[in-house]
Structures are given as structure tokens and as C-alpha cells.
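So you can see what is in the structure, the chains are spelled out below.
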Amino acid sequence: MPALDFSAIFTEHYRWLLITGLAMTLLLFVLCWVGAMAVGILLTIVRMVPFRPLELLVWAYVEYQRNVPLLVHLFVWYFGIPQLLPYSANDFINSHNSELIFAVIAIALYQAAYISEDLRSGIRTLPKVQFEAARAMGFTFLGSLRWIILPQAMRNSLPPLVNQTLLLFKATSLAAVIGVAELTYQARLIENETYRIFESFSVITVAYLAGTMPLIWLGSRLSRNNASRTR
Amino acid sequence: MISIQSLNKDFGAFRALSDINARVEKGEVVVLCGPSGSGKSTLLRTLNRLEPITTGRIEIAGVDVNSRGVDINKLRQKIGFVFQQYNLFPHLTALDNIVIGLTKILKMPRDEATKRAMALLERVNLTRRASNYPAQLSGGEQQRVAIVRSLAFQPEIMLFDEPTSALDAEMIGEVLALMRELAATGMTMMCVTHEMRFAREAADRVWLMEKGKIIVDTDKAAFFNSHPNERVQRFLSSIN
Chain A
26 MPALDFSAIF TEHYRWLLIT GLAMTLLLFV LCWVGAMAVG ILLTIVRMVP FRPLELLVWA
86 YVEYQRNVPL LVHLFVWYFG IPQLLPYSAN DFINSHNSEL IFAVIAIALY QAAYISEDLR
146 SGIRTLPKVQ FEAARAMGFT FLGSLRWIIL PQAMRNSLPP LVNQTLLLFK ATSLAAVIGV
206 AELTYQARLI ENETYRIFES FSVITVAYLA GTMPLIWLGS RLSRNNASRT R
Chain B
33 MISIQSLNKD FGAFRALSDI NARVEKGEVV VLCGPSGSGK STLLRTLNRL EPITTGRIEI
93 AGVDVNSRGV DINKLRQKIG FVFQQYNLFP HLTALDNIVI GLTKILKMPR DEATKRAMAL
153 LERVNLTRRA SNYPAQLSGG EQQRVAIVRS LAFQPEIMLF DEPTSALDAE MIGEVLALMR
213 ELAATGMTMM CVTHEMRFAR EAADRVWLME KGKIIVDTDK AAFFNSHPNE RVQRFLSSIN
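Protein chains in written order, with the working numbering: chain A, 26 to 256; chain B, 33 to 272.
Isolated chain A, as found in the complex (with noise of 0.2 Å):
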């Protein structure tokens, strides 16, 4: 029978699957999000120390993050670091949601990289004098970072941020496959049980485009408030 029929998958047991999908979605997107920012502001801020070797340390570390794929960073942090931890750390984590936390662990590390570029790239467009104007001030090195060069770059670099924001939050899906039980993983065990294929998913299709469209909507917001404010 071709028709559709979301009844199936809106009952009682199934909508509770969904929210608690969505609320899981939303609570890794929050969690990765505030660990790429702060991960990737200080390699940032450890990539413009003139130290030869700090330099290269961040480097390969980016490199390392953008050329190899998300899923293979995610199935390492779950199934291959655990194996290299001593047992009270495995307890540990096992008895606090796993998953999880490799998962916030595996994706924030990820987008950090990205975010590290984004910055860098914010930077590189700022006169080198305002550097030394801070400095001449007598801030120091990572006072004038802190207030400012990185809110400059920050700004600079909003249109870039927002769109890693929004692969951010898509990547969250992909936390289904070491069992994060976050929308796609809800979705999948409902249209498994109800054979409901396409009402599943196009389900969650509305769930992520309503999480997407108001970054959306904020970024460019953000973005506006900003020209006006400079010109």
C-alpha cells in the first residue's frame, strides 16, 4: 500500500523516541559546538606564538582533522582510544554515557580545525598594526588576542563560522553509528519496527531544517548588525 501514513509513527512510544532524539541532537550539537570554539580559538591563539615548532604542531594537527573523514575520527574515538585507556578510566566512561562523550570528543575535535582556519583566515585580514597598537598600549601578547584581535577576527570570520555551525549540526547525525541515540538513530530504530521508511525520515528531514533555518536566520543577523556598525 503506497500511501502514507504518519499515524504509525506518531504514536505515543514513537513521539516520546523523537523528542528525546531531537533533545539528544541539540544537547551534542551544544557540547560540540562550545568544545570547537574553544579548542579551535586556542590553537589559534598557539599558532600565532613565534615558535617554530607550535606552529607545525597545529599544523599537522589540522591536517590531520581535515584528511581523514569524520566517521573513521568518530569510530577511533569509540572502538580504538578505549583499548589505549587503563581500566578506571574505561569504568569511568562507561557508567557516564560513552557514546556520547566520544562522540562530543570525535566531532568537536573535528570542527576545531576548521574553526582554527576560519580564525586564521579572520586574522590574516586585520592591519598588522592593530597588533602592535594593543601591544604599544602595553597589553600583552594574549591580552591583545583576547581583546583585540580575536573579537575582530571573530567578526571577520562570521560568514565562515556560520556555515561550519551548520555542517556542525549535521554532523551530529553521524553520531548514530557508534549508537548516540539522537534523531537519525531514533528514526532508523522507528521505521525498523514500523517499516515506515519515508514518514521517518522525512520527519526528522523537518526536525533538522528547524534546527538549521533559525542559525540561519541568527547568523545573518549577526552579520548585519556588524556592517552597520563598521561603515
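Warning: the hint list may mix true and false statements.
[Stated by the list, open to error] Below, computed lysine-lysine pairings styled on DSSO-like, alpha-carbon distance capped at 30 Å:
| # | chain 1 | residue 1 | chain 2 | residue 2 |
| --- | --- | --- | --- | --- |
| 1 | B | K106 | A | K153 |
| 2 | B | K252 | A | K153 |
| 3 | B | K136 | B | K110 |
| 4 | B | K252 | B | K58 |
| 5 | B | K252 | B | K110 |
| 6 | B | K245 | B | K58 |
| 7 | B | K139 | B | K110 |
| 8 | B | K136 | B | K147 |
| 9 | B | K245 | B | K110 |
| 10 | B | K147 | B | K58 |
| 11 | B | K147 | B | K106 |
| 12 | A | K153 | B | K136 |
| 13 | A | K153 | B | K110 |
| 14 | A | K153 | B | K245 |
| 15 | B | K139 | A | K153 |
| 16 | B | K58 | B | K136 |
| 17 | B | K139 | B | K106 |
| 18 | B | K58 | B | K243 |
Rather than coming from a laboratory, the hints here were simulated on the basis of the structure.
Fit chain B to the given chain A structure using the hints.
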């Protein structure tokens, strides 16, 4: 206040500053002039260590600027530096350009910093511009904000690196007026400039530089009143 001894500065194989020996006393206003590429800006930039030196010694208020132990950030707070391109921070309002240094470097409470910043803006007649961003200000207004941004730290020395070179003619006057006023308060000042008007009116001494050397270091009167050195004459006639 400033003492420069046997200072040399190389950029690769190029000697930008060559055996500079000079002193600036407290309250003196020194104008550095000379053809472009003669090392004026480089010399100024070595004084607050924006430019590292190759050999020699610079002392500011008795402190060796280039010694390892010196807290350069602390020292720089005592040395105001004004750039040719103003270099206000474009993401901050005129007011916040001044406030940020006070709150983040001096750790001053925000309301106290705001009060001091507003008083400085008032001094240069820019209170109505307090909440404008640099891009909304004229060049002359930006440079006046940049000058009081340095003054907010109550520095002992003010260094000016061609402060009027990027300005339209009608805005040069307002910046020079502020600098004259500052000189009159007894501030120790060094100014790289082609504005001989300012040198005539406000300077105590004039240094003429050429090819990385100070070739003439004399008081203002001697400089402008038929100085015997023919290079002074050549310089004066070249800029008029």
C-alpha cells in the same frame, strides 16, 4: 628622561640606525625630521621596543628598555605612542577605545574608567562622538581620540610617528593644536613630522636625520635661524 647610547639597528644587511647617541630631558619637546627612509620612525619605534635593536642601549626614566628583566608592558604604559594611521580599534566605540585599556590593563573599575575617558573626550571636544565607531569619525577626530587614548594612561612620554601625515589639510590644524597644548603642559614629547609649523611653534629641540644618523641635534632657534650646516639649509628649502 630618554638616553640613547651607541644605538645600531640593522634590517638584514641594511643599517637603518647607525651609532645614535642622544638625550631628551624631562619636559623637552623634540621634533625629528629628515628625508623619508632616514630612520626617524625606526628610531621612535625602538624607544618603546616596538622595534628590537641590534646593539646599543636605550634608557627611559633610568630603565634599560631592552634588558631581559624589564616588564615591557608596564613600561609601555608610561610611553604613549601615536601612529600615522591612528589605529583605533574599529570594533569599539570612541569611548570604549579609551576605556578598554584602563579596565583591562590597569584593572580600573568600569565607571571610573568611563569617567576618565569622558573627561578626555571633553578635553578634545568629542563628547558627542563618544558612542560612534571609528569608521564614523573623520581622520582628525580619530587621531584626537587616539592621542587621548594614550593620555588616559597618564604617560610620562608621548611619541608621535607622523601624526598628521595621513590627514587632510583642514584636519591637520586640530591635531597640531592638541599637540601644542600638550607640549605646553610640560609633557616630554618626541615627534616625527614634516610639519615645520609645529616644530617652530612647539619644539624645544630639532633632530635632523639622514641615512640612519642624527646629523644635527640643536635647539629650535638655532635650527630655524640660519643654521650654519648646509644640510639643514637644504632640508629646510626642500620642504618649503
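Could you check the structure against the hints above and give me the numbers of any it violates, in ascending order?
Violated hint (a single one): 2; every other hint is consistent with the structure.
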